[in-house]
Amino acid sequence: MLLAKVSSTATLAAVAAASLAIAYVSSLGAPSLSHAGGTEAAPTAKPAEAKLQVPIVYAREIRDVPLPLSLLDLPPPDDGIAGGKLAISDNNTTGKFLNQEFTLDTVESGTVDGLIADVSAKVGAGAKFVVVDASPDTLLKLADALKDKDAMLFNAAAPDDRLREDQCRANVMHTAPTRSMLTDALGQYLVWKKWTKWFLVSGTRPEDKAYADELRRTAKRFGATIVEERVFQYDPGSRRTDGGFEQSQQQIPTFTQGAKPHDVVMVADEGELFGEYLPFRTWDPRPVAGTAGLVALPWHAALELWGGTQFQNRFKRMNNRLMRPLDYNVWLAVRAVGEAASRKRTGDHKELVTFMRSKEFELAAFKGIKTTFREWNGQLRQPLLVTTAKLLVSVSPQPQFLHQFSELDTLGYDRPETKCKAYLAK
Amino acid sequence: MQRVSTLLMSLLTTSFMVGAATQAQAYRVFVSNEKENTITVIDSEKLEVIKTIKVGQRPRGIMLTRDGKRLLVCASDDHTIQVFNAETYEYIRNLPSGSDPELLALHPSGNPVYVANEDDNLVTVVDMEKGVVITEIPVGVEPEGMGISPDGKVLVNTSETTNMAHFIDTATMKTFDNVLVDNRPRVAEFSADGKQLWVSAEIGGTVTVIDPATRKIVSKITFEIQGVTKDAIQPVGVRMTKDGKTAFVALGPANRVAVIDMATFKVEKYLLVGQRVWQLALTPDDKMLFTTNGTSNDVSAIDVPSLKVVKSIKTGRYPWGVVVSPN
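Chains as they are written, first to last, in our numbering: chain A, 15 to 440; chain B, 3 to 329.
Heads up, some of the hints might be wrong.
[Stated by the list, open to error] Computed list of lysine-lysine pairs in DSSO-like fashion (alpha-carbon distance at most 30 Å, straight line):
#1 B:232 - A:358
#2 A:358 - B:37
#3 B:37 - A:207
#4 A:373 - B:268
#5 B:313 - A:433
#6 A:65 - B:271
#7 B:197 - A:110
#8 A:211 - A:223
#9 A:110 - B:176
#10 A:358 - B:218
#11 A:435 - A:234
#12 B:310 - A:364
#13 A:208 - B:218
#14 B:37 - A:373
#15 A:274 - A:223
#16 B:222 - A:330
#17 B:271 - A:373
#18 A:364 - B:222
#19 B:53 - B:37
#20 A:65 - B:232
#21 A:330 - B:37
#22 A:110 - B:222
#23 B:197 - A:358
#24 B:197 - B:222
#25 B:271 - B:310
#26 B:268 - A:358
#27 A:404 - B:37
#28 B:271 - A:234
#29 B:232 - A:373
#30 A:373 - B:53
#31 A:110 - B:218
#32 A:207 - B:232
[As the list claims (entries may be wrong)] Sample of chain B residues at the chain A side, in silico, Cβ under 7 Å:
#33 120
#34 121
#35 124
#36 144
#37 163
#38 164
#39 185
#40 227
Please keep in mind that the hints were generated in silico from the structure rather than gathered at the bench. We put the beta carbon where it would ideally sit given N, CA and C, even for glycine.
Using the sequences provided together with the hints, build the complete structure.
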């Protein structure tokens, strides 16, 4: 019935070809593939070819960190892992057409030695790709412990620039954006908005100081001025009490009183321990940006651009919650391995790593343009979102910030500035 | 004015063209407005909006039945296909579509209709007359583009995150081959003679031309536009003239339509249109091409013989899909 009406006169060859093709129809379970480099013309499915197994390890350091202020921001137990699971599922949907199967094995430990021992065992058993959610120092120790093994680590959590610069490791690639990329993404937008006078309020934790350092660098780079700096001395204590607003309502206005004229209050509080107290409480009526208020992120649960809706829906169906930035960073790492394996038709560690670091590699990651790895330090370059808690405000790089090679390299330390030596030597 | 003179030229030069030109009654161009939940109907001669139809949530892919009497609209966020009377514009009924229908293809016989379910990794086959789902075909992640061979024997679906063109035998309703293409394939389109299959890759920035008989890649077309960054060149919509000579590729945020010689696969010209151009549709006489320009809320009308953009026509917000009536 369906094939009865062949009306076109110019399709004889095509009809013959299609009939030929149908004669070779294979079921979905054993599909075949022809690709750019392929020489096989007819879809002759090779029977009983062994399935290519690509095991990936997710290594998480359990660390004692104070919880963020808002109940909305409490990390779920599977933060990160959920993104890895989705990427495995996406890889396997593709893999079923290519006879490839990806698995994710989770390793968790509260001690550095424990994590190293567990990951080493997995690597020894054949898992050559390790996605890491750990503090920067643990990541470095893990990388050094594995440096003579055929294993590639993906840093999905630590934004520290030093891991990509003077302390970069040849066996680590990074899907988490750096602090400098995040502050540059935000800074470009604020400069575009002509809000160039910044009042910087920093916390006392080392990561707050690091974030403040990158904000200063961003200001210098893009022509903003930090007109005043204050340090917010604060002992987080318990995040929840019956009450709290009575005191912060009194404290924040006086803390921010008398600052030099500024367009925006920039807050450096990565742990989200006090920054959320600032919006709508500052002495002068000014917007808040940085780690609270308007923030730069690799992912946002409300992003629906560039096919993001389907991606968010898939995640929600699988994990019963919204996707967080760490989930996205892990998804990127696992998908990068999957994308490389589907292009190269291999699970070979060396071949895949060489390909992922090459100019030919590109990963579509719901950001409107392709994402790629910087060849000088293994950092994923990607557009970053400038958002409020609820909705996207903009996407950086801003169109006015130009670059001779890739506009994405206007975010973070660029090749001429890099201090990474281990990578280029490789 | 340009268009009038072109038509006159045709009249004077070839008798064949006279026939075509005198027949060239106004076609109607249907444009789905993704953010506005409407369809804009445009007169292809006057290049004016003649009607706006209210439809379901997030209309994207749209299609007309072979006789031009029914308009099918993928109401993606309502998870249904709405059927409208294409002449009176009255709503008739819903067709089952599976989750999040995005693009459609119709078998040349007029039935069934094939639906890409972007959210479900499926192609749903729907019997239009009975209004029932015949089967579901598993494909890659985020199925989108749908192309059917002129003889109706082969359906090609592209999956945006799997990066493949899936070849489906319409008799067995199973995939029989899968061809890897560049990142985020959006549209698959057969040439009128069925000998070429063009697949656009939005993030990859390329168009892959595949020989449907062998599933071998014949050519990979790349684009270069002075003053436009490479990342902004994002091929989506593909249309080819019936004479097999000229292909048009919409280049998304590059705001251009590429004109390509189908024999050499060389880009001959870039036509400047509205912003974020995605989908394309030719009139049945191949004289006019319409483009949906998502972020500038308009449609560009291109005169095909002269390769000139003759007018931009305001639509609803975020125009997405476009289809032209057969008569």
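Each hint tested on the structure:
A hinted pair counts as satisfied when its Cα atoms are at most 30 Å apart, and residue 232 of chain B with residue 358 of chain A qualifies at roughly 24 Å. A C-alpha spacing of about 39 Å is found between residue 358 of chain A and residue 37 of chain B, which places the hinted pair above 30 Å, so the restraint is violated. In summary, the hint linking residue 37 of chain B to residue 207 of chain A is supported, as the alpha carbons are separated by about 27 Å, within the 30 Å threshold. Of the supplied pair hints, the one linking residue 373 of chain A and residue 268 of chain B holds, its CA atoms being roughly 24 Å apart against a limit of 30 Å.
A threshold of 30 Å between alpha carbons decides the hint, and for residue 313 of chain B with residue 433 of chain A the separation of about 53 Å lies outside it, so the pair is violated. Our distance criterion of 30 Å between C-alpha atoms is broken by residue 65 of chain A and residue 271 of chain B, whose separation comes to about 46 Å. Of the pairs offered as hints, the one joining residue 197 of chain B and residue 110 of chain A holds, with about 28 Å between alpha carbons and a cut-off of 30 Å not exceeded. Between residue 211 of chain A and residue 223 of chain A the CA atoms are separated by roughly 20 Å; this keeps the pair inside 30 Å, and the hint holds.
Taken as a hint, the residue 110 of chain A and residue 176 of chain B pair is honoured in the structure, with Cα atoms around 14 Å apart against an allowance of 30 Å. For the suggested pair residue 358 of chain A and residue 218 of chain B, the alpha carbons sit about 17 Å apart, so the restraint of at most 30 Å is met. Straight-line distance between C-alpha atoms of residue 435 of chain A and residue 234 of chain A comes to about 25 Å, which keeps the hinted pair within the 30 Å bound. Taken as a hint, the residue 310 of chain B and residue 364 of chain A pair is broken in the structure, with Cα atoms around 51 Å apart against an allowance of 30 Å.
The hinted pair formed by residue 208 of chain A and residue 218 of chain B fails the criterion: a straight-line CA distance of about 53 Å is larger than 30 Å. Only pairs whose Cα atoms come within 30 Å are accepted, and residue 37 of chain B paired with residue 373 of chain A is rejected, the gap being roughly 37 Å. Distance restraint check for residue 274 of chain A and residue 223 of chain A: the Cα-Cα separation of roughly 21 Å lies within the 30 Å cut-off, and the hinted pair is therefore satisfied. Distance hint between residue 222 of chain B and residue 330 of chain A is unfulfilled; the C-alpha atoms sit about 36 Å from each other, more than 30 Å.
Distance restraint check for residue 271 of chain B and residue 373 of chain A: the Cα-Cα separation of roughly 28 Å lies within the 30 Å cut-off, and the hinted pair is therefore satisfied. Our distance criterion of 30 Å between C-alpha atoms is met by residue 364 of chain A and residue 222 of chain B, whose separation comes to about 28 Å. The suggested pairing of residue 53 of chain B with residue 37 of chain B holds, with an alpha-carbon distance near 17 Å, which does not exceed 30 Å. A hinted pair counts as satisfied when its Cα atoms are at most 30 Å apart, and residue 65 of chain A with residue 232 of chain B does not qualify at roughly 37 Å.
Straight-line distance between C-alpha atoms of residue 330 of chain A and residue 37 of chain B comes to about 23 Å, which keeps the hinted pair within the 30 Å bound. About 25 Å separates the Cα atoms of residue 110 of chain A and residue 222 of chain B, which keeps this hinted pair within 30 Å; it holds. Restraint check: the Cα-Cα separation between residue 197 of chain B and residue 358 of chain A comes to about 28 Å, which is no more than 30 Å; the hinted pair holds. Annotation: proposed proximity of residue 197 of chain B to residue 222 of chain B holds, straight-line Cα distance about 16 Å (limit 30 Å).
For the given pair, residue 271 of chain B sits about 10 Å from residue 310 of chain B by alpha-carbon distance, which is consistent with the 30 Å threshold. Of the supplied pair hints, the one linking residue 268 of chain B and residue 358 of chain A holds, its CA atoms being roughly 28 Å apart against a limit of 30 Å. A distance of roughly 19 Å separates the Cα atoms of residue 404 of chain A and residue 37 of chain B; the hinted pair therefore holds under the 30 Å criterion. A distance of roughly 43 Å separates the Cα atoms of residue 271 of chain B and residue 234 of chain A; the hinted pair therefore is violated under the 30 Å criterion.
Straight-line distance between C-alpha atoms of residue 232 of chain B and residue 373 of chain A comes to about 14 Å, which keeps the hinted pair within the 30 Å bound. For a cut-off of 30 Å, the pair hint linking residue 373 of chain A to residue 53 of chain B is broken: about 49 Å separates their Cα positions. Restraint check for residue 110 of chain A and residue 218 of chain B: the C-alpha separation of about 20 Å stays at or below 30 Å, so the hint holds. The hinted pair formed by residue 207 of chain A and residue 232 of chain B meets the criterion: a straight-line CA distance of about 26 Å does not exceed 30 Å.
The beta carbon of residue 120 of chain B comes within 5 Å of a beta carbon in chain A, closer than 7 Å, and the hint placing it at the interface holds. Proximity of residue 121 of chain B to chain A holds as hinted, the smallest CB-CB distance being about 5 Å (cut-off 7 Å). Of the supplied interface hints, the one on residue 124 of chain B is violated, with its beta-carbon coming no nearer than about 11 Å to a beta-carbon of chain A, more than 7 Å. The beta carbon of residue 144 of chain B comes within 5 Å of a beta carbon in chain A, closer than 7 Å, and the hint placing it at the interface holds.
A least Cβ separation of about 6 Å between residue 163 of chain B and chain A falls short of the 7 Å threshold, and the interface hint therefore holds. A least Cβ separation of about 4 Å between residue 164 of chain B and chain A falls short of the 7 Å threshold, and the interface hint therefore holds. Satisfaction of the interface hint for residue 185 of chain B is found here, the shortest Cβ-Cβ separation to chain A being roughly 4 Å, below the 7 Å cut-off. The beta carbon of residue 227 of chain B comes no nearer than 15 Å to any beta carbon in chain A, farther than 7 Å, and the hint placing it at the interface is violated.
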